Amino acid sequence: MPSAQDVFVCLSSASLRVFSYIFLRWHFPPLILSALVLYLATLFWVYPDRFLVADTRSAKDYRSITSEKEALRNGSARPSGGNSLRDDGKITPLQHSSAVWTTLLGLPKSKYRLLNWSTILINILLAGMMVDLTYGPKWFYPSRDLSFARVGFVSYDSAKIMVREPDIRRLPIHLEYRLDPKVPDDTVSAWTSVATASSLKDDNDFTAAFDIPYLLPATRYQYRASTNHTGVFVTALRPGVNPSSFTFLHSSCIVPNFPYVPFRHHLSFPGFKHLSNNLPSLKAQFMLFLGDFIYIDVPHRHGTDRESYRREYRQAYASPDWPSISSSPPNTTHSLPWIHVYDDHEIANDWDKNETGVFPAALDPFTHYQSSINPPSDRPNVSYYSFTQGPLSFFLLDTRRYRTPFDGTPGHWTEPTTPPTARKSMLGETQRQDLLTWLAAPAPRGVHWKILVSSIPFTKNWRFGSEDTWAGYLGERKVILEAMWTASAELGVGVVVLSGDRHEFAATKFPPPQLDDTKDVESTQAGAGREGTWPEYAAVHEFSASPLSMFYLPVRTYRQEDREDVVIKYLPDGNSKFGAVTVGKEGGLGYRLFVDGREAWRYELPPPGRGGKKKGEGEGWGIW
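Going by the UniProt record's numbering, the first residue of the sequence shown is number 1, and it counts up by one from there.
The hints are simulated quantities; they were obtained by calculation from the structure and are not laboratory data.
No experiment lies behind these values; they were computed from the predicted model shown.
The reader is advised that the hints may include incorrect statements.
Between beta-carbon pairs, the in silico distance windows are [what the hints assert, rightly or not]:
1. L216 to G408: 52 to 60 Å
2. D378 to T304: 30 to 38 Å
3. V131 to G465: 26 to 34 Å
4. W139 to R238: 44 to 52 Å
Derived DSBU-like pairs (lysine-lysine); straight-line CA-CA distance at most 30 Å [said to hold, decoys possible]:
5. K201 to K138
6. K509 to K569
7. K182 to K201
8. K138 to K273
9. K182 to K569
10. K424 to K478
11. K478 to K283
12. K283 to K273
13. K182 to K273
Ideal placement from N, C-alpha and C gives every residue a C-beta, glycine not left out.
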């Protein structure tokens, strides 16, 4: 019967190891350090002799062993049990089992002094890894001296470049551009000055945004800054122009060195490497990053001030892996523009407090590093955007700044007399109206799809933490979903939702209710009472993919419970996921999911308005 002290030592050691594994693969520092302190204190208080006394056996022990061996040879006695020691110095099975349990549980045994010290070392190393992952980036890589440039939104006639330069001796900063010298029949190769920035200072974290105007569509340009940063970008297609293939990427959620690997660079992102390896073949126009570019509170919040938030952004851009997915790396022909929205972890987990508290400090680096070179906003001082390129029109939502705080309800709009401003809303009245206007507006000729970008899932099929998603705002979702069906039916465009956040992948279909669905449609669901109003081909599809470089969830929480949100595909595993969306010449849309660098699944939608059978539904191949 083990003593209470034995149980306490085993529990503290096992807890330390389990929590360390979870933290180094998912995430909780205080419990790990507490378990280590309790383990060491109990160990040396209760069992000091087991670390100071060697494995000794008296002469009486050896005489007993010899007598037992002689009796066994003569057949006059049976073995006394598995605890007997062999006189040849080898360990019996029971001894081996005891040694294994000593190592696994951390409970010291007097006869295993070396193993006792080894198990202490294992636990200390695990706690050290936790400290390294949690505090290493802050201690060793504050990245205050980071100097870099990156390409933001590129339209058919302009491009945005962001430069950071903390060395004031280099001020003012000049930016120039020219046609790429490799362009055939180039007649204008001289550099053209864009602008000069002399206001790089602590107020903007030494950043400046440059806008290059009056460019030609679908043309390669080279830029250079006086900070010795240079790159190549390609302008976008005019709205409505349909190439043979138009591809862009999307994902969300990154944390450096996660899952943890000792001796790897503190700012390394394994998912960036997976993305970089696929960029040459994908030939993407841009990356849509759907939030959680930083995790201010994972694995540990180091502060709530402006500098704490800024440091997280600098560390991401200071990663040795960042140039491979942004600048013009050796294996690609031009820089990959990144367009951003933010989610909760750029502020605080499950943020629903609008512009109060830490929001101003959190918005500051997002503004300087990302929003300043995002697509232009239709309104001043907002953080949602819309733009059109080639065959696609985009609306990028802000799902955090304007939402009604959580109230424990699904947010149905069941009372028609309630004024719009008093209804539970994810978007706020102004953003919602701008979105509905965008959905109802006829698309330019040649634009086949409207892409709605949401940092959190549109589906309600994620059953854990669902109130943080659109499942907590179903009244507003109903209005938007019906507007999507109407746009698809009346304007001849398809509507697709892209989202992230959940560290899993799911493809979901939102079919409009038909006449034979009357009995199955609840009054609060989209289309209730209007069954048969929209054709079946007006269905909306959502592709939710994340993380790009983070942990996946071992618990399955996505499931279909009605006919409103229909599961197409659910692939939860994988620490790196991103989607590639491609529109072909005829207007069909293809989706490819990449998990840990390999294509895991694909799906095809026919050109809008034509209906037909979807290819790839329920199919998949790749890595499992």
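Evaluated hints:
Checked against the hint of 52 to 60 Å, the C-beta distance between L216 and G408 comes to roughly 54 Å, which is consistent with it. Checked against the given bound of 30 to 38 Å, the beta carbons of D378 and T304, roughly 32 Å apart, stay inside it. About 29 Å separates the C-beta atoms of V131 and G465, a value consistent with the hinted range of 26 to 34 Å. The given range of 44 to 52 Å is respected by W139 and R238, whose C-beta atoms sit roughly 49 Å from each other.
Simply put, K201 and K138 have alpha-carbon atoms about 22 Å apart, close enough for the 30 Å limit, and the pair holds. Distance hint between K509 and K569 is fulfilled; the C-alpha atoms sit about 10 Å from each other, no more than 30 Å. At most 30 Å may separate the alpha-carbon atoms for a hinted pair to count; K182 and K201 exceed this at roughly 36 Å. Distance restraint check for K138 and K273: the Cα-Cα separation of roughly 23 Å lies within the 30 Å cut-off, and the hinted pair is therefore satisfied.
A threshold of 30 Å between alpha carbons decides the hint, and for K182 with K569 the separation of about 43 Å lies outside it, so the pair is violated. Between K424 and K478 the CA atoms are separated by roughly 12 Å; this keeps the pair inside 30 Å, and the hint holds. A distance of roughly 36 Å separates the Cα atoms of K478 and K283; the hinted pair therefore is violated under the 30 Å criterion. Pair hint K283 plus K273 holds up; C-alpha atoms about 16 Å apart against a cutoff of 30 Å.
Distance check on the hinted pair: K182 and K273 sit about 28 Å apart at the alpha-carbon level, within 30 Å; holds.
When held up to the earlier numbered hints, the structure conflicts with 7, 9, 11 and fits the remainder.
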